[in-house]
Amino acid sequence: MIAQYIANGLLIGSLYACLAVGFSLIYGVLNIINVMHGSFVVLGAYITIYCSQYFGISPLLSALIGCLVLFVFGYLTQRFLINEVVAAPIFISFTLTFGLDLLLNNAMIQAFTATPRSLIVDYGSVTMAGVTLPIARLGAMVLALALTGLLYWLLRHSQMGRAIIAVRMDRHAAALLGIRVPRIYAITFGIGALMAAAAGGAMAVVYPITPLLSTVFLGKSFVICVLGGLGSVPGALVGGLALGLLESFGAVAFGSQWSVTVGFALMILVLVLRPSGLAGRKGFE
Amino acid sequence: MARRLGKFASVNLAGAVLLLGSTAVTLAADPIRIGAPLSLTGSLADEGSKEQQGLDMCVDAVNAKGGVKVGNEQRKVEAVKYDYQSETGRAVQIVQRLLTVDKVDFLFAPYGSGDTKATAVQAERYAIPMIATSAASDAVYDQKQKNLFGILFPSKAMAEIEVKFYKARMPQAKKIAVFALNSLFPKAIAGEVRTFAAKEGFDVVFDGLYSPGTMDFANVLTQIKAANPDWFYVTGYIQELILIRRQMDSLGMSVPIVTMTAGAAYPEFEQNLGALSNNVTSNAWWHPSATYKDSFIYGDALEYTKAFKAKYKKEPTYLEAAATAGCEVLLESVERAGSASPDAVRKMLASERFDTFYGPIKFGPNGQNEINSPMILQIQNGKYIVLDPQDVKTGEFKPGVPPR
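Listed in order, the protein sequences are those of chains A and B. Residues 1 to 285, numbered by the numbering used here, are exactly what the first sequence covers, in order. Residues 1 to 404, numbered by the numbering used here, are exactly what the second sequence covers, in order.
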């Protein structure tokens, strides 16, 4: 039974990690708290559901379409709206994304209604050594980990990735070296939105989706990033897995009604004892 | 804004008509205004929009037949609606606004037991009758208020009938697991089922709560699976219930009786789960297959369902029907009293019996409907089947979730 508990925790934890990576990236590079993140996830999930249910495209491909759409959406939003205030104090950009989120979320309630919608997939489960693992969740976990890994690799080894890191370290110096900072900002925001859409695609096979889930997703992303260390990709992974395991065991130990509380309690503890997060460190990756 | 302009225009029009010396003065009688705080956005947006549709069904039908007859004039009906964003505090503010700024004649309660209880205090203070169409917990009606009238009969009656029903169909069932959302109604009805089940000889093998926004039930369900219950009673809103049913499946859980209250009674539950919803049972305060007659609007339950389907392209659930019936009893009271004054209408509501498409309604001393009979439903092959009461049943109970 303990093995099953751990497996359950890791499954939800990797979904959490995927959820938070995009949020963390945008915060780390742009110093923007993207309140729209939860709505991006929901939008990605809706695109996945609609593409696969109404056009018969496979869920994986549908999720990729969602990623593409959100990348463009994120890029344009940053390029033409947020770039105008990106150098202003964080509160200004926070207010801007908050306002945009209200617009986006209510537009989704109008368009999709608040009635939950699901991607009905029946992949079944596998049982190994007494531990039952649902295939849909395993798939979501693999997708989440693969994308997180890919992003990490890109940031370290591609020219674009190095440019993003350079802007993150010092945007003035990066500009002097010929990096077009507003463009890097827009691309980073686009990648953040893309990761949100990927998480949305994974969520769509697991959860019934409504626009109202956006606040839940945003709250989780925040807790995960604080746990793991704001602004780092491995931090989101560590934070996500930690939160998943913690909520799972919290539910067993104290009862399910406390599992959400346990996550926030740990966040406060980490803020007090280790403000840079469990995997965070001062400086840059 | 549009409404205000409309009103402005109609006042001017009435003035012009008077100047011309026309006799059509009665047409300009003020409409009867019902204030409705609705949860159109936020966590209860789905339920809120259902309530709005139910209210509109009543207002439209009454206006289509010329309005309400008050003494010797015909008065139209108008719903004054605000979105309270599923936040209790905002619901209280909006009810206050409806009472002091809009000065409505009557009130609808916001969604659910908790928010109804929070706002009923103001209706009492201003002595304006308030109709609650989605509050079933006894605890809402324990303040000896004179202005709160609840359409749904007590959840306690529902719990008692459910326990007896399953006990009679499956006498070998001995172990029950109860898992409830930590909110007023879901928690209350789960507690009542637990109490009655224990009285009927069930062994309560699991008893737990979960909080709104829970995203994973795998470990709790692993615990419940290990306890091996014969009857799994879960309460909550539709979102969580869908997730719980899915996770039961992915953990390979198999239980003879699975009852999900109240979200499973909505067609969206079946639409989101497909085959997984088969043999899940639920309960409802009303169902389109009911056979009640109505002399005020729509004629009977069948006609109501037909009209609803034509307008919204879906079947009504008890939630929409209760909202329609709530507005109906209010307006019928106005007609019977021959006056729209709160005192006269309150007196009618408190003393009379109303025969509606929703079923007979008679408010008890605490203000809650004391007649009407609970319905037990089961989803069989994607269809909602009524198992009880026996005189309206459309099928027999099938044990086994998932079906074997």
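Hints may be right or wrong, so weigh each one.
Stated by the list, open to error - Reference excerpt, derived from the structure (chain B facing chain A, CB under 7 Å, subset only): (1) T41; (2) D46; (3) Q52; (4) Q53; (5) S183; (6) D207; (7) L209; (8) S211; (9) A218; (10) V220; (11) I242; (12) L251; (13) G252; (14) S254; (15) N272; (16) G299.
Stated by the list, open to error - Cβ pair distances, simulated, as ranges: (17) B:I371 to A:L278: 41 to 51 Å; (18) B:K383 to A:V142: 43 to 53 Å; (19) B:R169 to A:T95: 35 to 45 Å; (20) A:L103 to B:P171: 50 to 60 Å; (21) B:S341 to A:P89: 51 to 61 Å; (22) A:I268 to B:A275: 37 to 47 Å; (23) A:A3 to B:G395: 35 to 45 Å; (24) B:A310 to A:T113: 31 to 41 Å; (25) A:A3 to B:P212: 26 to 36 Å; (26) A:V85 to B:A139: 24 to 34 Å; (27) A:N106 to B:Q93: 15 to 25 Å; (28) A:G99 to B:G400: 17 to 27 Å; (29) B:P212 to A:T113: 18 to 28 Å.
What the hints assert, rightly or not - Here are a few chain B residues that sit away from chain A, every Cβ distance over 12 Å (derived from the structure): (30) A139; (31) K144; (32) F196; (33) R246; (34) S289; (35) T305; (36) K314.
These are computed hints drawn from the structure, not numbers from a lab. Just so we're clear, the structure is a prediction, and the values are computed from it rather than from any experiment. The C-beta atom is built at its ideal place from N, Cα and C for all residues, glycine as well.
Problem - Hints not upheld, ascending by number - result: Checked against the structure, the hints that fail are numbers 3, 4, 5, 6, 14, 16, 17, 18, 19, 24, 26, 28, 33, 36, while the rest are satisfied.
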